[in-house]
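There are 2 protein chains.
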Amino acid sequence: MSRPEFQLIDWIRGQVRDRAPVTLGIGDDAACLKPSADRETLVAIDMLMEGVHFTFPPATPQLAGRKALAVNLSDIAAMAGRPTAAFISVALPKRRGMDFAKDVHAGLIELANEHNVIVAGGDTNSWDGPLVISVTVVGEPLGLRPVCRKGARPGDWIFVTGALGGSLPSGRHLTFPPRLGEVAQLTSLVDLHAMMDISDGLAADLHHLLDTSHVGAMIEADQIPLTETATRMIDGQSPLIHGLSDGEDFELLFAVSPDDGRLLMSDWRNETPVHKIGEITEGHGARIRYPDGRIEPLPPLGWTHQLGENR
Amino acid sequence: MSRPEFQLIDWIRGQVRDRAPVTLGIGDDAACLKPSADRETLVAIDMLMEGVHFTFPPATPQLAGRKALAVNLSDIAAMAGRPTAAFISVALPKRRGMDFAKDVHAGLIELANEHNVIVAGGDTNSWDGPLVISVTVVGEPLGLRPVCRKGARPGDWIFVTGALGGSLPSGRHLTFPPRLGEVAQLTSLVDLHAMMDISDGLAADLHHLLDTSHVGAMIEADQIPLTETATRMIDGQSPLIHGLSDGEDFELLFAVSPDDGRLLMSDWRNETPVHKIGEITEGHGARIRYPDGRIEPLPPLGWTHQLGENR
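Keeping their order, the protein sequence lines are chains V and F. Under the numbering used here, the residue at position 38 of the first sequence is numbered 38, and the numbers go up by one with no gaps. Under the numbering used here, the residue at position 37 of the second sequence is numbered 37, and the numbers go up by one with no gaps.
These aren't lab readings, by the way, just hints derived from the structure by calculation. Because the structure is a prediction, the values reported are computed rather than measured. One should not assume that every hint holds.
Just a few of them, taken from the derived set where beta-carbon distance is under 7 angstroms, the chain F residues facing chain V [what the hints assert, rightly or not]: (1) E40; (2) T55; (3) S89; (4) V132; (5) P146; (6) R149; (7) M196.
For glycine and all other residues, C-beta sits at the position ideal for the given N, C-alpha and C.
Working from the sequences, and respecting the hints, build out all of it.
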């Protein structure tokens with residue numbers, strides 16, 4: 001940790017407690033962890049910037065810190081993993097002062113404690129610019145192997161957790177619960193063939209999963225679970241388009257065998273629902289079937305699409 | 001990786017090659033590593049901000065990327081470690097365009113390749129703000145255990161690598177070589193009791209090492225190796241003050257037994273010199289002895305001191 005704001009770091013150290021697998025936490029040149037001998041180590045990293053991934057208001061400093069960890073916990077969940085330790089680097093706006101800096105870390109640490117994640121290191125900087133938070137989370141697979149984007153097979157059933165759309169206007173992108181409990185339950189029930197979290201929008205992320213797995217998909221338009229926000233938005237786009245293209249849902253998208261799919265539809269007990277939204281096919285690309293039987297190509301709407309338009 | 005700049009990410013993927021211990025690199029929700037079964041995992045994290053840790057010019061985008069990795073490699077060296085994988089999150093200034101973004105990564109990847117470090121993941125963002133780079137480096141101890149700041153014992157000899165002072169005006173803070181080869185050689189020759197890298201200035205960092213080890217130190221003023229820049233600066237401060245208080249040297253500061261110290265002074269063969277600068281004592285705090293025999297307290301000059309003055 002170079003150029004530390006020592007008072008803040010002392011405060012952070014007072015909030016956290018080293019425990020296994022962390023053998024040396026905050027305060028040296030690097031942290032030490034003793035990973036499980038029979039497991040791979042998972043590493044996720046995400047950077048959030050004020051004005052891009054959150055603004056004050058509606059975000060509070062606590063919610064900004066919370067989100068910076070939550071998006072990484074969602075990444076670990078998407079690998080069928082269990083997070084163990086988090087590392088926080090921040091560029092703190094000088095003009096906002098020490099209480100703001102503590103609040104950012106307090107929001108992050110509160111979520112870390114909820115999920116038994118140890119804040120084991122970081123780098124604390126201040127400047128005249130806006131808040132930037134980069135969090136790295138280390139974890140390990142719940143099973144012997146992580147679940148990747150690659151691995152979906154033709155015939156697999158495609159599921160999502162929760163409901164999709166409207167995360168930014170509803171503020172859910174600041175408060176969403178990473179699906180760690182859900183993925184632990186999924187791992188105990190079924191063999192997950194492929195999985196990812198939905199951050200760029202269902203259609204865009206589905207294409208990532210399909211392309212990596214070298215398969216295609218047929219999605220059922222009327223099976224996509226939509227949030228209340230998505231169904232009520234009056235911006236001229238349909239609820240379905242919001243469910244397909246809105247970013248930052250942070251729900252899980254996964255593929256399982258038909259047998260496991262049937263098992264989930266009968267045996268899933270969790271306050272977070274899982275919904276079958278379609279099936280993996282041979283070939284490549286995605287198609288969408290409407291209730292009237294019409295079938296159309298489903299392009300990678302959402303962030304990717306916007307990127308394409310902007311260039 | 002959320003909100004990726006896909007073209008840039010594809011380019012980065014083309015520059016790197018997954019190999020052990022990385023089992024899954026760039027392109028999924030998290031990376032996977034298979035760490036050595038008998039070793040702890042080291043994790044270092046540092047964030048650099050344009051206008052704070054570098055400016056354009058004199059920095060180039062390549063040198064900014066290089067420095068963001070180098071400071072982390074220095075942290076791993078300071079634990080007597082070997083770096084294995086790096087994770088890069090960036091906030092790229094939109095107005096500087098794609099070539100700039102590639103150059104930042106090219107500078108980083110070139111240094112990674114020099115040290116056999118695999119770029120295994122990241123998060124690529126763009127915004128209207130200045131460049132921010134946060135790098136996380138994973139590694140493992142060269143020996144069975146890492147070397148920490150804690151562990152210096154009364155009677156130990158205190159050494160530094162290289163020469164100190166003037167790193168910012170000379171531009172060395174952008175081009176310094178992380179002392180990874182040196183620490184591998186040190187580890188093979190001697191039993192390092194305590195070590196850290198000098199980022200905040202010798203006097204400030206010495207205090208960190210002393211406080212963590214619960215010991216004191218006597219430093220010999222005329223034994224501190226000074227860079228040519230430190231001896232030639234005409235800002236009214238003495239070369240010694242530059243050597244003691246200038247930040248960003250990124251040399252190693254370490255303590256060994258007197259026997260090992262004598263061994264180093266006779267057997268050290270490396271183009272980077274090591275210099276004995278003093279000895280660990282009972283008690284706490286540091287003192288400095290001048291050639292005329294005068295002894296004075298040595299406060300934690302440098303960044304810490306400036307922080308204290310600014311508050």
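Hint check:
Given hint, E40 (chain F) at the interface with chain V, holds; its Cβ is 5 angstroms from that chain's nearest Cβ, closer than 7 angstroms. About 12 angstroms separates the beta-carbon of T55 (chain F) from the nearest beta-carbon of chain V, more than 7 angstroms, and the hint is not met. For the restraint placing S89 (chain F) at the interface with chain V, the shortest Cβ-Cβ distance is roughly 4 angstroms, inside the 7 angstroms limit, so the hint holds. Proximity of V132 (chain F) to chain V holds as hinted, the smallest CB-CB distance being about 5 angstroms (cut-off 7 angstroms).
The interface hint given for P146 (chain F) is met, as the beta carbon of that residue sits about 6 angstroms from the closest beta carbon of chain V, less than 7 angstroms. The closest approach between the C-beta of R149 (chain F) and any C-beta of chain V is roughly 5 angstroms, which is under the 7 angstroms cut-off, so the hint is satisfied. At a threshold of 7 angstroms, the smallest CB-CB gap from M196 (chain F) to chain V is about 5 angstroms, leaving the interface hint in force.
Checked against the numbered hints above, the structure breaks only hint 2 and satisfies the rest.
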